[in-house]
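Between the sequences and the hints, there should be enough to build the whole structure, so can you do that?
Numbering-wise, the sequence shown is residues 460 to 817 according to my numbering.
Among these hints, one or two may not hold up.
As the list claims (entries may be wrong) - Pairwise CB distance ranges (calculated):
#: 1; residue 1: A575; residue 2: G791; range: 35 to 45 Å
#: 2; residue 1: F815; residue 2: V535; range: 43 to 53 Å
#: 3; residue 1: G791; residue 2: G537; range: 23 to 33 Å
#: 4; residue 1: G537; residue 2: D629; range: 17 to 27 Å
#: 5; residue 1: V648; residue 2: T811; range: 16 to 26 Å
#: 6; residue 1: V816; residue 2: L651; range: 21 to 31 Å
#: 7; residue 1: A757; residue 2: G600; range: 44 to 54 Å
No wet-lab data here; the hints were simulated from the structure. Just so you know, even glycine gets a beta-carbon here, dropped at the ideal spot from N, CA and C.
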Amino acid sequence: MSSTARATNDIPKSTISADLAASRKRLDSAWNGIIPGIVLVAMITAVAFSARNVSGFALFSPMILAVVAGMVYSNVLGTPAHAKAGIAFSQKRLLRFAIVLLGFQLTLGQVVSIGAGGVGIVALTLGATFVFTITLGRLIGVDAKLAQLIAAGTSICGASAIVATNIVTDAHDEDVTYAVASITLFGTVAMLGFPLLAPVLGLDQHAFGLWAGASIHEVAQVIGAGFQNGTQSGEIATVAKLTRVAMLAPMVIALGLMARRGSRDQSSDQSGTRPPMPWFVAAFVAVVALNSLVAIPAEVKTAMALATTIMLTMGLAAMGLQADISQLRSRGLRPLALAFSAFLFIGGFSLTLVKFVG
460 MSSTARATND
470 IPKSTISADL
480 AASRKRLDSA
490 WNGIIPGIVL
500 VAMITAVAFS
510 ARNVSGFALF
520 SPMILAVVAG
530 MVYSNVLGTP
540 AHAKAGIAFS
550 QKRLLRFAIV
560 LLGFQLTLGQ
570 VVSIGAGGVG
580 IVALTLGATF
590 VFTITLGRLI
600 GVDAKLAQLI
610 AAGTSICGAS
620 AIVATNIVTD
630 AHDEDVTYAV
640 ASITLFGTVA
650 MLGFPLLAPV
660 LGLDQHAFGL
670 WAGASIHEVA
680 QVIGAGFQNG
690 TQSGEIATVA
700 KLTRVAMLAP
710 MVIALGLMAR
720 RGSRDQSSDQ
730 SGTRPPMPWF
740 VAAFVAVVAL
750 NSLVAIPAEV
760 KTAMALATTI
770 MLTMGLAAMG
780 LQADISQLRS
790 RGLRPLALAF
800 SAFLFIGGFS
810 LTLVKFVG
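Structure representation (structure tokens):
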């Protein structure tokens, strides 16, 4: 008999039974912890992706459909208590990783390709829209955190920006859902309507692409509107939009500093507990730098883009599962009016810059 076999036989059966019992207990703990919620979120995500095959639903990103599907499930059937830990995990952890992977869709070379004028138009539009939305929200009585979410979604990159912003603003789930819904509504209007306005406004393909990229909310909506007006227009619109995405990091850092200063004003004991740059923002910047310096295979980038979309969709499905429609109604129409005003402002401001500067 070998020494290994003898060593195995020497192990008491009680020890083996105890180890098996401990392993079973760990598995049970995991199942009773996050796994049921993750499975539920994954099911909602699968429904969202499948729904895009239905006529008329292809206009919407799976992220938006996941929010709606999650809300319907939660408010009609109710969210099981044992699934809440996994839902919270999907909302917080997966969303942070998704923001990091978003960096694989951007390089500094793409930003430079639209020229100093294009970058200037995008930056001015983003900054002016953000300030306008926050200021108007304060004037009409919209909650500050909800106004920040609407401002980020309008000025930067739709649902992705709302999700990233909420990590530092820590708004209610209903605020996030409201912001995503309103941004989706007006972004869809822009996607369908802006191409029809191009000939009326006398915009050539370059000018329209720059306008669409600087003003329309979601990346997918920008691509849809841009290429509807021609290949050159679509390419310029995509790059201009990705330039806005690149500005997500400094915007989140700025909001983090604002939140940190606010907590310092409320309690000096809690000040300085949060770093000025969240780890996922630093990782996003690092990934953009890596993507700019290293030739990453197209297959890898495609896989990363799909993974990003899946994780963002799962995160928003989790938010939908925790959203209470009665709480949404309690927000009233003021936030919707704010989102509409921000939509008009970003469209008009960027168009003015494109016509007279671009």
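Indicate whether the distance between the beta carbons of V648 and T811 respects the range 16 to 26 Å. 19 Å, holds
Look at the Cβ atoms of V816 and L651 and judge whether their distance stays inside 21 to 31 Å. 26 Å, holds
Determine whether the Cβ-Cβ distance between A757 and G600 falls within the hinted range of 44 to 54 Å. Hint holds: Cβ distance 49 Å, inside 44 to 54 Å.
Satisfaction of the hinted span 43 to 53 Å by the C-beta atoms belonging to F815 and V535: 51 Å, holds
Does the Cβ-Cβ separation between A575 and G791 fall within 35 to 45 Å? 43 Å, holds
Could one say that the CB atoms of G791 and G537 fall in the range 23 to 33 Å? Holds, at about 25 Å.
Could you say whether the range 17 to 27 Å given as a hint is met by the Cβ separation of G537 and D629? Cβ of G537 to Cβ of D629: about 25 Å, so the range 17 to 27 Å holds.
Every hint from the earlier list agrees with this structure, and none is contradicted.
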